[in-house]
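Chemist: Protein chains in written order, with numbering that gives the first Met the number 0: chain A, 0 to 426; chain B, 0 to 251.
Think of the hints as simulated: they come from the structure by calculation, not from any bench.
Being a predicted model, the structure only gives us computed values, none of them experimental.
Virtual Cβ for every residue (Gly too), placed ideally from N, Cα, C.
Treat the hints with caution; some may be incorrect.
[As the list claims (entries may be wrong)] Here are the computed distance ranges between Cβ atoms for each label pair:
id, chain 1, residue 1, chain 2, residue 2, range
1, A, 71, B, 7, 47 to 55 Å
2, A, 226, B, 222, 53 to 61 Å
3, A, 352, B, 137, 31 to 39 Å
[Said to hold, decoys possible] Cross-link-like lysine-lysine pairs, in silico, DSSO-like; alpha carbons within 30 Å at most:
id, chain 1, residue 1, chain 2, residue 2
4, B, 109, A, 386
5, A, 360, A, 309
6, B, 152, B, 140
7, A, 386, B, 183
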Amino acid sequence: MAEALPKDDLLAARIAGLSFPNEGWQAPARFDALARLTAMGLPGRRDEYWRYTDPASFNRAEPFPAPTFDDDGEGMVFEGIDRLRLVFVDGVFDAEASDPLALDHVEIGLLSAAQSDIHWARELYGVLEARGQVPVKRPFAALNTAFATEGVLIRVTGYVPRPIALIYIHSSDTSDAMLHHCIRVESGADVTILESGPAAARFTKVMEVDVAEGGRFHHIRAQGRDHDRRASTHIFARVAGKGLFKSFTLTANGVMTRNEAVIELVGDEAVAHVAGAAMGDGRFHHDDTVFVTHEGECCESRQVFKKVLKNGATGVFQGKILVKPGAQKTDGYQISQSLLLDGDSVFLAKPELEIYADDVKCSHGSTSGAIDETALFYLRSRGVPLKAAQSLLVLAFLAEAIQEIENEEIAEDIRQRLENWLARHEH
Amino acid sequence: MLEIKNLHVKLEEEDKVILKGVNLTVEAGKVHAIMGPNGSGKSTLSYVLAGRDGYEVTEGSATLDGEELLEMEPEVRAAAGLFLAFQYPVEIPGVGNMTFMRTALNAQRKVRGEEEMSAGDFLKLVREKAKALKIDADMMKRPVNVGFSGGEKKRNEILQMAVLEPRMCILDETDSGLDVDALKLVSEGVNALRDAGRGFLVITHYQRLLDHIQPDVVHIMANGRIVKTGGPELALEVEKNGYADILAAEEA
Ligand SMILES: Nc1ncnc2c1ncn2[C@@H]1O[C@H](COP(=O)(O)OP(=O)(O)OP(=O)(O)O)[C@@H](O)[C@H]1O
Ligand SMILES: [Mg+2]
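Looking at chain A on its own, in the form it has when it is part of the complex (with noise of 0.2 Å):
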């Protein structure tokens, strides 16, 4: 088995199969990234951030089989939302199934467009991935600069209202999809990204974003419901003096999901908040490892996770707040809970602040537990049957990752999902 290899080997048969595109612009930049994962090799159960969720299914050199799943008839997600839509199939990009590339205040490519020696995100492409890697290894997002196959170079110029969706399609039991993105917010632009979908049977992805002064970026995912689908997703953000960050992610199934998110508040006044609700009924793992660096002074960061678990299922939470000497006033706020819908699942949890600055606002908590009994007593005695009331309490637990959606609309649509969700995973 691959796994009892030494981890040099182990990384030999990981990437064997994989091509290393090393041309153009990108090239200097996967050979960078190839040297640092050959430098840290792939990650164990014995490294720090690697103690709650087994590596094993991403160290492999080819993916466990996922089956494509049947929504039974639920139908994609944003799909009432006016946007224009990237669809990648396993992958690979549709052209066909997706829109123009053409959008006003925004340049966008693909990463596999022909190559010639410049490109605006030279400047970006691995760049933040690199600065991410200290002082928490992040092996598969080096693998992934290194071999990303696919992605979008996204830059954005001014405001605008129409969402970029990126439709991800798992077509093939046995898809491995590396998709890289690179966006760029120009100072006071304005733009918001939605992703949707499972991609493949084992999907790893790096999203790098760097917003300029006043830029504002708004991130929605959905991460589809097929069951037996791995994800290890990375999200490396830079965010510069009074812009704005915001990423919220819906995970609702899926056998094992690692989201990794590194975020930099580098100007004065920056404000970055991610989220995460999460859903897992029998065989769901589900790890959020999070990181904001607080450099800037006056910046604001809010981490907000909620899993609800039932029936075996794991959720881990891995958050830090590190604040630098100089982040004065900071404001850093974490909260990681858990619903657990019966005895039966488990929450992991490992809340970390790390301060060097003297006047700082910092708190966190985390939190696990099963459904308030007087609260639902309350609801019932007022008409509202079980399941109902078992229900509102449930979105009454996700309302504070679920308000980290600015849009109404698309927080309209997570709601519903989530709703269903939970009328079809009722005790």
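Since the structure of chain A is provided, determine the placement of chain B with the ligands on it from the hints.
Modeler: For chain B with the ligands alone, kept in the frame of chain A given last:
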């Protein structure tokens, strides 16, 4: 309408017996008051009637219009017309007051085979009822009871009652925590609902509530039993002399 017969209740988890043979009948159109020392079992009686977990009925029965209440789920009791205004209304963060009331009303209507009320009609209904109770619109938008003052919570209970229009209303110390003006508003709210088809069971410690809501019958509960029943004058007697005389007479 509500008929409680020889009701014995103990805690499910402990061997503690709380109700020791309660007998009580509330007829349609009547207001019954229950008074009694702290810990005598008044709230327990109201919870058991509403269907809260944690209690075990060891003997006796309670029926609403002849139907056995104690077998029903709490939501079924509510749809059948039972309402409990809680002594301690529950805060539910994340659930909006309006959503809560509308969900409850429509769920009850559905059980009764009535049509759902539209959001617009519902808003109109709640506005009108809230105005009468001087509950401002802002409170309606907030999560259920979260950050409400003690008195606001009690008024919110009466608002729910006014919206749901139950046929059998149990009020557990709705007057405690209310200022003089709020007490008047709440009493008016209750009186507005008084009619020939509706019964009330009002639990209170104070005569002043009964000045506003004139009871037809007053019961004294002590140590898990109704120990004395009389007219409105019984409440005046308690107000004047406390429970000592009544309990002593009972012992003898
Ligand atoms: N869940 C419980 N666990 C333990 N003891 C309980 C529980 N519920 C009720 N009791 C006990 O039962 C007795 C009756 O309580 P109950 O709340 O019914 O009294 P009450 O008449 O409403 O009093 P008050 O006038 O103070 O509201 C008290 O001794 C109380 O401590
Ligand atoms: Mg009481």
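Chemist: So, for every hint listed, does it hold in this structure?
Modeler: Hint check results:
no., hint, in the structure
1, A:71 with B:7: 47 to 55 Å, "holds, 50 Å"
2, A:226 with B:222: 53 to 61 Å, "holds, 57 Å"
3, A:352 with B:137: 31 to 39 Å, "holds, 35 Å"
4, B:109 with A:386, "holds, 15 Å"
5, A:360 with A:309, "violated, 35 Å"
6, B:152 with B:140, "holds, 14 Å"
7, A:386 with B:183, "violated, 38 Å"
Going down the numbered hints, you'll see the structure goes against 5, 7, while the others check out.
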